[in-house]
Amino acid sequence: MNKNEVEALITERGRKSSARMRIVDDTSDFMALNPGDVMVLNDNPYLITRNEKESGFGQDDDPKFWVKRTISLLTGEIKIVKLVFFEEFVQEVGGYKIHFYRSPIKEARVLEAVRGHSLFMHGFDVNDNVGNNVRIIDFIRGPSLNKLVGNCNMSHEHYFHSRLLEILTGVCDCLQSLSYLHENGLVHGDVRWDHILYDRDQKRYRWIDFDYNYDFPENPFGMDLIGLGEIITCIVGMGGCFYSDVKANPMFKGVVDQLQPEDFSILEQNRLMNLRKIYPYIPERLNNVLLHFSGYATVFYESVDEVLNDLRDALGDLEGVSNTN
Amino acid sequence: MNRKQISIAIIMMFGVAVFHFFIPRDFLSLHILFRLLYLVPIAYIALYSGRKGGVLAAITMTIIFLPHFFMDRTTQDFTAGNIAAVILFHITGFFVGSFRDSSERVVINQQQQHVVVPSTGEGCNILFYIDNSPLSIASAEWFGAYFGGRDIAVTLLWVYNEDESEKFASQEPADEYVSQQGNETAAFLDELRDMLIDSGIPRESVLIKNVAVTGKVPVSDKILEELKDGNYDLLLLSKHQQTKAQEFLFGDVPIRLLREASIPVLSVKGTPEESSSPS
Ligand SMILES: Nc1ncnc2c1ncn2[C@@H]1O[C@H](COP(=O)(O)OP(=O)(O)OP(=O)(O)O)[C@@H](O)[C@H]1O
Numbered sequence: 001m002n003k004n005e006v007e008a009l010i011t012e013r014g015r016k017s018s019a020r021m022r023i024v025d026d027t028s029d030f031m032a033l034n035p036g037d038v039m040v041l042n043d044n045p046y047l048i049t050r051n052e053k054e055s056g057f058g059q060d061d062d063p064k065f066w067v068k069r070t071i072s073l074l075t076g077e078i079k080i081v082k083l084v085f086f087e088e089f090v091q092e093v094g095g096y097k098i099h100f101y102r103s104p105i106k107e108a109r110v111l112e113a114v115r116g117h118s119l120f121m122h123g124f125d126v127n128d129n130v131g132n133n134v135r136i137i138d139f140i141r142g143p144s145l146n147k148l149v150g151n152c153n154m155s156h157e158h159y160f161h162s163r164l165l166e167i168l169t170g171v172c173d174c175l176q177s178l179s180y181l182h183e184n185g186l187v188h189g190d191v192r193w194d195h196i197l198y199d200r201d202q203k204r205y206r207w208i209d210f211d212y213n214y215d216f217p218e219n220p221f222g223m224d225l226i227g228l229g230e231i232i233t234c235i236v237g238m239g240g241c242f243y244s245d246v247k248a249n250p251m252f253k254g255v256v257d258q259l260q261p262e263d264f265s266i267l268e269q270n271r272l273m274n275l276r277k278i279y280p281y282i283p284e285r286l287n288n289v290l291l292h293f294s295g296y297a298t299v300f301y302e303s304v305d306e307v308l309n310d311l312r313d314a315l316g317d318l319e320g321v322s323n324t325n
Numbered sequence: 326m327n328r329k330q331i332s333i334a335i336i337m338m339f340g341v342a343v344f345h346f347f348i349p350r351d352f353l354s355l356h357i358l359f360r361l362l363y364l365v366p367i368a369y370i371a372l373y374s375g376r377k378g379g380v381l382a383a384i385t386m387t388i389i390f391l392p393h394f395f396m397d398r399t400t401q402d403f404t405a406g407n408i409a410a411v412i413l414f415h416i417t418g419f420f421v422g423s424f425r426d427s428s429e430r431v432v433i434n435q436q437q438q439h440v441v442v443p444s445t446g447e448g449c450n451i452l453f454y455i456d457n458s459p460l461s462i463a464s465a466e467w468f469g470a471y472f473g474g475r476d477i478a479v480t481l482l483w484v485y486n487e488d489e490s491e492k493f494a495s496q497e498p499a500d501e502y503v504s505q506q507g508n509e510t511a512a513f514l515d516e517l518r519d520m521l522i523d524s525g526i527p528r529e530s531v532l533i534k535n536v537a538v539t540g541k542v543p544v545s546d547k548i549l550e551e552l553k554d555g556n557y558d559l560l561l562l563s564k565h566q567q568t569k570a571q572e573f574l575f576g577d578v579p580i581r582l583l584r585e586a587s588i589p590v591l592s593v594k595g596t597p598e599e600s601s602s603p604s
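Top to bottom, those sequences are chains Z and R. Just so it is clear: in the first sequence, position 76 is 76 by my numbering, and no numbers are missing. Just so it is clear: in the second sequence, position 8 is 333 by my numbering, and no numbers are missing.
No false leads were slipped in.
Below, computed lysine-lysine pairings styled on DSBU-like, alpha-carbon distance capped at 35 Å:
1. Z:LYS203 to R:LYS329
2. R:LYS569 to Z:LYS247
3. R:LYS569 to Z:LYS147
FYI, nobody ran anything at the bench for these hints, they're computed from the structure.
Just chain R, same shape as in the assembly (with noise of 0.2 Å):
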């Protein structure tokens, strides 16, 4: 839990106590429902910190709840739904704790089976994100040089954007650039889809597919995007030689997909001739 979840937990808990505390014991309904109001940090609790933090809330509330057998001489109903609600504060705690621990082991299990690549590489899908510059032709070779000759299928991912009225005067040089960009890039990726092929990768194992961007969009979310949307196994991408500013100022696609791809991520890093920065 952290510090924010924490403080909530402590506020919830003593926030129930107190008003349980200053309710008058005439109000035999109100104290019923303050019973159970217990069991909102409990289940809070157990819910961000597992099975052991759920135990251990039950026992706080239960500690923090026993005036409540001492100072209200009641009926012996009411004395007995207090030892109820205090079974019912532990069960809580057990059963939504085992809950997260369960659901947080699956997620794991799932991320751990997904990094099993089989070893040769065959049958691998793989995703090769595609940048304008020259290290995506280095990029081609080198992979090329390592996994042809295989049976894997690669698709190779162009992000472009479709809308450069913005770059321009008026909206007909916006759309002659952009479809003389469609071409050049369209040349460009059938060079490279030449050379996967040439290395030994099926023909009809290699794909081209051209994403689409509106608006102000990281080129990295439409990669996650479509990692999430196809079933790979890996994603291969140039990484370029960047100074810290560099860095800072234009982002970098590799660095954001190593954080949040959920496969295996391999980048190709280039010389900075070859990084000349992509477009």
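Bound-form chain Z, shown alone (with noise of 0.2 Å):
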């Protein structure tokens, strides 16, 4: 494709070609790439608009160069772009050292095996003109989860009675979907809040980020399962409860001095589970979910289906206290 070809293409779609544009098929040197440059992927250009940041986490976040967000010069559909950066990496998880990788392989067998299953994004891979692994990924237009939750201006006690129900009724259906790529004997990677998108289009929440991975051989689904009731926490939370906020919060003086260390997430010892004792009007039922990833916890959960069912019971509870004023 020349670059009068392309020129013509960004015009057609109502876009101007900058004077600096490069036009590439090479995509390796991803920090090279800039918006405005065109990258040719099995003859489909695509136009980059802007390197990704992680969603929510404030403006000041380093961009993230290898996701590109684009536009299909042929559909004029915005692509998400994501370029071959591997990395192995040790994160401490619970005092324990956790080796973990980005794949791109990873990421496109996962996309490949959930083709079809609407509470994912959807995209293929492609390999660019060196053999690079591309993923070229459909836009989710909507908020992040955490955003979602983030932007309720509400006391905690507010949004449990008129938020709460609604966004974990909302949410169960994509939570127990990685019980989907489990069956398929893969892994999510990367649970985290702000890896589910609520898709404003097809209102529903879907995840995003399938390329992390990480092998524990006894417990495959292990890191899976941690996210899950983290996300679980911080939704039920109205986002993560650390000791220094507990601590710092007027509203829990009373109660900071009973916090037990099992009142804590069994694997870090400061994301406080034990939501019920700051926020008592918590059901039972759904604090126990919680519960179950803390230092009472003597059973664990081996599923996300065990979970879910848990939880679905649960909500039971919110029925009666939610009142959508």
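Two chains, two separate frames, one set of hints: put the complex together.
In structure tokens, the structure reads:
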């Protein structure tokens, strides 16, 4: 595809081509690819409009140069193009060093497996001119779950009565869909609430970002389950509740001294799981789901379905307390 | 019976009874059909709770059915049919329940029979699951000291992932890694095999078995599969010392196998040093 053809397509899409526009079919040097440049993948030109950032963690976040928001010049659709950035790194989880991998191959496999499954982002992978595995993903319009909850400007008690049931009910199917991956021998890998987007067009929550991987031979879905616990705690607690937050909040003055080590996450000793201690109106059954991830737990959840069965049962207790005013 | 099964049984019993009750008298064939449908909850209850439950269900259904003897002013034949139906309720409850009781006994018997291991250990076929930690060596030593010199067979089982491509930027280094791991493990398994032979277990009775996994499958699934396929008398493995958090995060092979294996499981517990976690 030559420069004139690309420029004609850009004009057709109602945009102006930049004088410094580069047209590339080798995406190896993703740091050098800037908004205004065009990547040609499998004969399809994609105009880069921006580098993506982690959703919902403020504006100061470093851009992710390997995740480009683009416009497909052939169809006019917005596409997220994820370029190859293989990483292996060690992260501490609960004091244990865990190897994580950012694997394009793994993300491509998951995309293939979830084709047609509405609760996951959709896309496909292509090899660029030099064999880099590039993933081309449909753009989902809508906020991430953490933004959606973070934007509720109200007290926790008001949130609990007015929004919690609706949000939890809405997100249940999406959370449960992780078991579809597990049944197919795959993991999500980075189960966090900013990796769930509320798709405004389809009116449902959907998973994004499948490139993380970890390897626990006996508990291959362990990190996904831990992430699930964290997400549910964040939804119920209207964000993560950490010891420092509780201590700094004058509302909880009387409670801080009553907190026991067991009230916190079994893995993150500063993340409060026993939310009923600070929000006593949280029903017991819902709180019990969270306690399965706390120091009190003697039996652990072994599958997504086990968590979701308990969560759905617990939702029954919220029906009585919710009002939509 | 659990709560769910009881609810299903009650719904079925009353569902049939209520529908039957409201069928107009003239619809004779529907009455006959519904008479037979009473058998469904009886069979269901008998199947889940055994003979006692089955007979109790038959008595309950008879009581529920009783009004039809008085309500339907129909022919003598129809009344005879009602009597036959009641007899059928009881036969069904009794026999389906008995079938359930006896099949449960067979399963329990089978399990109990399996637990009888020859007291000397002679002739035993043992599956020894190996992870690549020092504790596997300690377990082999311990096992050799206790069971060495006997005529037993030991299969050393090694489970490995044959596709590691998701841990590497491309396929080539992944394949290289798998083959290097394979070589190292082969040497490790040979060492263990020699230890067992040195302890006096016949050379030809110590086998090595490598099982490949693709995708995310718990190791214990593969061990359970092997137990199902092979005719083993005992499973031997190492139990690493783990904190509650580690167990939550990484899972625990011996715990799962103790829960799910249908043969005796012997786990050799290690000290924290020996337990340096398997990779
Ligand atoms: N399908 C999508 N629709 C809309 N926005 C998306 C989509 N996929 C990714 N994004 C946006 O791009 C950001 C980065 O994408 P993603 O999280 O997949 O990258 P990543 O480098 O794999 O991230 P991480 O470092 O968390 O693994 C997301 O936080 C989100 O804002």
